[in-house]
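Chains as they are written, first to last, in our numbering: chain R, 1 to 147; chain V, 1 to 147; chain Z, 1 to 75; chain X, 1 to 75.
In case anyone wonders, no lab produced these hints; they're calculated from the structure.
Since the model is a prediction, treat every value here as computed from it, not as a measurement.
Among these hints, one or two may not hold up.
[Unchecked claim] No farther apart than 25 Å at their CA atoms in a straight line, the calculated lysine to aspartate or glutamate pairs in the DMTMM-like style are these:
| # | chain 1 | residue 1 | chain 2 | residue 2 |
| --- | --- | --- | --- | --- |
| 1 | R | LYS133 | R | GLU122 |
| 2 | R | LYS125 | X | ASP11 |
| 3 | V | LYS111 | R | GLU127 |
| 4 | R | LYS111 | V | GLU127 |
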Amino acid sequence: MSERKPKNIFKQGAIDASFIGDSIAKHASNTRIGGHSIFLGQVRADEINGKAVVAIEYTAYEEMALQKMFEIREAIFAKYPLTCMHVYHSLGTVKAGEICLFVFTSSAHRKPAIDACTECVERIKAELPVWGKEILEGEDYQWKQNI
Amino acid sequence: MSERKPKNIFKQGAIDASFIGDSIAKHASNTRIGGHSIFLGQVRADEINGKAVVAIEYTAYEEMALQKMFEIREAIFAKYPLTCMHVYHSLGTVKAGEICLFVFTSSAHRKPAIDACTECVERIKAELPVWGKEILEGEDYQWKQNI
Amino acid sequence: MEILVFGQLTDVLQTSRLSWPEVADTDTLRQQLLEAYPALAQHSFLVAVNQQMISSNTTLVPGAEVALLPPFSGG
Amino acid sequence: MEILVFGQLTDVLQTSRLSWPEVADTDTLRQQLLEAYPALAQHSFLVAVNQQMISSNTTLVPGAEVALLPPFSGG
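Build the full structure now, drawing on both the sequences and the hints.
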């Protein structure tokens with residue numbers, strides 16, 4: 001069910017576990033699905049110069065990011081026989097321990113679902129104009145770097 | 001948090017989406033986690049000789065399966081820097097559209113979580129003494145074959 | 001001895017737990033089963049002894065847990 | 001022209017939206033910005049024009065949407 005126009009992937013704040021559960025439940029009606037692959041990014045309380053990360057504040061060049069996500073989505077649907085694919089990325093503040101990225105792919109068989117999910121996560125990290133500002137204890141901060 | 005003894009992975013009937021959501025929510029307290037990878041197996045309503053699969057009935061050589069799963073778990077923890085790994089497999093009847101397998105790995109970084117999840121799914125399918133009987137419309141059935 | 005039977009083999013043997021006279025080793029057991037149930041020849045299966053898959057002929061001591069395992073299809 | 005500024009560059013330029021005189025092309029823009037904000041030299045960034053990342057010098061027509069993008073760190 002690939003859509004032909006950009007879809008909003010951004011959610012203000014953290015992605016709730018119950019939202020993920022509900023999203024999974026909605027796929028019970030599609031009995032052509034045999035496997036789902038899900039990736040979740042969670043904010044780590046890394047220590048930076050002796051101070052723990054308490055949250056990440058995400059900003060994005062939203063319009064460009066949605067257009068780029070649309071291209072990624074089209075490319076992945078063209079490459080893998082998926083039944084569906086859902087992507088959500090947080091904007092604003094996400095506290096340590098909370099979910100900031102939710103990528104969910106489904107297919108008749110496990111391999112396309114798994115490969116598409118992994119490729120989508122890699123492309124999101126590399127290609128979406130999104131920035132994370134790691135908020136440290138005591139008002140300090142540092143701009144996140146993806147490795 | 002690898003445990004040193006076999007853990008029961010079997011659940012009677014389907015795995016609820018809400019159980020998966022709850023399982024994700026429980027990991028919010030572990031702020032060393034940066035990525036979760038989840039695989040879900042869902043029963044497909046395949047058509048076999050013109051009859052749709054309405055459910056799969058799973059049986060297992062339970063004791064041997066739990067011992068084998070313990071070995072797989074130990075091997076995967078030895079190979080990847082995981083913070084945790086959870087596996088659930090259905091026994092008994094799982095209807096088309098319902099979830100029969102839930103594999104959930106978490107790590108500080110995405111790559112070990114993803115690779116461990118994929119490897120775990122492959123090993124479960126290949127090595128666990130579990131059998132699926134595909135129940136067709138009209139009382140007929142066929143034994144499932146893993147490809 | 002008691003033999004645990006799984007998957008499609010329960011259709012062939014019509015049971016999930018087969019009582020069988022004690023037998024020296026797994027090759028002999030396999031041969032006796034094929035004689036008693038010719039339809040078994042159409043099924044590929046492995047034998048597990050004490051929950052270990054065996055790949056070559058294995059001596060069966062009394063009390064060993066023997067199981068007949070057709071190809072797995074979990075997940 | 002208006003220049004959109006993102007990520008750590010908002011710290012350097014002290015704004016997320018910079019008003020700037022019209023300029024012929026992206027190389028000239030980059031040079032002018034580095035002169036006005038020497039601290040920019042310590043930051044790697046790409047320029048996007050009309051939401052397309054550009055990799056070589058590009059003519060800027062009036063009304064083009066120009067953005068300064070430091071390395072992405074989403075997910």
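Given the hinted pair R/LYS133 and R/GLU122, is their alpha-carbon gap at most 25 Å? OK: R/LYS133 and R/GLU122 at ~20 Å, within 25 Å.
Taking 25 Å as the top limit, are the C-alpha atoms of R/LYS125 and X/ASP11 close enough? 22 Å, holds
Given the hint that R/LYS111 pairs with V/GLU127, does the C-alpha gap stay at or below 25 Å? 18 Å, holds
Does R/GLU127 lie within 25 Å of V/LYS111 when you go C-alpha to C-alpha? Holds, because 18 Å separates the two Cα atoms, which is no more than 25 Å.
This entry satisfies every hint, going by the numbered hints stated previously.
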